[in-house]
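Since the structure of chain L is provided, determine the placement of chain Y on it from the hints.
Number of protein chains: 2
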Amino acid sequence: MTEDVFLADLLGRLPAADSSIIVPPGDDCAALDLGGEGLLLLAVDQVVGDKHYLPEDTSPEAVGRKLLARNLSDVAAMGGTPTHCLVASATSPGCGGDWLARFFDGILEMANAHGVQMVGGDLACAPSDNVASLTILGRVLRERVLLRSGARPGDVLLATGTFGESFVTEHHLFFEPRCREGVWLADSGIPTAMMDVSDGLLLDASRVCKASGVSLLLDCPSIPRRRAETTLSQALSDGEDYELLLAVPSHAAAKLLADWPFDDVLLTRIGRFVERGDGLVLDEGGQVLPVEGYDHLDGTRP
Amino acid sequence: MTEDVFLADLLGRLPAADSSIIVPPGDDCAALDLGGEGLLLLAVDQVVGDKHYLPEDTSPEAVGRKLLARNLSDVAAMGGTPTHCLVASATSPGCGGDWLARFFDGILEMANAHGVQMVGGDLACAPSDNVASLTILGRVLRERVLLRSGARPGDVLLATGTFGESFVTEHHLFFEPRCREGVWLADSGIPTAMMDVSDGLLLDASRVCKASGVSLLLDCPSIPRRRAETTLSQALSDGEDYELLLAVPSHAAAKLLADWPFDDVLLTRIGRFVERGDGLVLDEGGQVLPVEGYDHLDGTRP
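One line per chain: the protein sequences are L and Y, in this order. Under our numbering, the first residue of the first sequence carries the number 35, and numbering increases by one thereafter. Under our numbering, the first residue of the second sequence carries the number 35, and numbering increases by one thereafter.
Just chain L, same shape as in the assembly (with noise of 0.2 Å):
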């Protein structure tokens, strides 16, 4: 069973959401409606040992960047600013208190970067894992939120940045989570659809097709890829890329571009959405696409 799978098995048996769930589970992060200033964005995601690292190659500060850094992608997704986060911590016999302090000057030193407090926290100790989870708080204009399911027929999809070989090159450790550029796209009024690339390019896209009712032509050879070495294999399927795909109407895609501020990150367009309920991802001779990405829930590619 895959995560997908269960997260739609498991939000079916949800009760209705109450009147303050603008944005129900299921997208990068959910919004409510608590009577303040804007939506309250909300998020949690875990970095596990062994999984998401491996604990003899990776320094403890690169362990909490990584978890906030995850996290903070999934706010820059919806076009939110990051505000707090909660850290819970389960840590092994072999990791103790130097261990977890520099764990946290990992989570601290992103957190002061981005303007992230911290709120909150949990430690225990495990039997022999370490996993870390941290929720993020963050806030977005309620006309400014931006969903997976936006995306209409004729918008191009856009990408930032570059994809594949997240893990060989450390990207997945320090990468950089897209947040001022998600400020900036939602501010726009501009994109229709967003999310991060967390799972791979070719399953985060058809997962932006099925919550949107379309499918997509993707453009495979204008997909910018990480290093010169790199596959289209990998650029599709690697994972953990935690950039920006965003759907965005093709009349207005040629003045984005060209409005693009950032000089240090690519915006390119990759692909196009097209009127087709099945919700797959083509490619340009309309040849589908398998699906491959991280499955997080066994631990194996679905």
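Since the hints were made in silico from the structure, they are not lab data. Warning: the hint list may mix true and false statements.
On the chain Y side, residues computed to face chain L include the following (Cβ under 8 Å) [claimed, not checked]: (1) Leu-44; (2) Pro-59; (3) Leu-68.
Every value quoted in this text rests on a predicted model; they were computed, and no experiment measured them. Just so it is clear, CB atoms sit at the ideal spot from N, CA and C, and this is done for glycine as well.
Only chain Y this time, still in chain L's reference frame:
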């Protein structure tokens, strides 16, 4: 190093709280003013297999129930009402989709009973352990929120329920968090401080003392014990009672006890705060009671 020492150091390294943070981390919940009605309460807590429950003896539903109930107890201790939660789970290879579905059943049944909406989650697999964390959101009126730090010399200490032998009686799995009692107490406007007992009556009472800058004369014989055979030592130090401790001005205690509307839950006077700034807990004879309780950071008694 104990969790308290580690957290005190960590909190000292946090940047200055921004104006949104009304109650900083260190209490049962943090409290934020995000501009809506009242304050947003936030806390996170974990359950770890072989630390907080015995996997072979505990149903997945009971694990999920306990995870949410622990967090509900934190909201109750602030006088708040729980509203939303997010769940992260990292499950071992031996716990597949069926285990996970039943674990979420346990959460959802408790959530429905308390009007809590689940708005986010993350699923991962771990190499060998089972770790789950839950972030709870709640709300409380600003003039009603109860902290650990408000106890004053002369206040009496009241406690809900009974203490000791939480594990052998399975109270630690099936306790009822004192949500309605916490709200009733906050609404009375009478208590000056409140917290919940998770790490042992003595350790948690000493935390109220330290936060309030007072000491406590504990009337040990009056402490209600869970069973007839429960010893005083068990009542003082076993932990996982999930009862409420509250400080009340002595002139108001009799009326509060008389007005207590919950026939199925004890409310008992068990001590008196005194003007002595070293935050000690003393018995009726003035002897210092050595603090013992479960330390979640290293899994031992400090």
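(Q) Checking each numbered hint in turn, tell me which of them this model violates, lowest number first. (A) none
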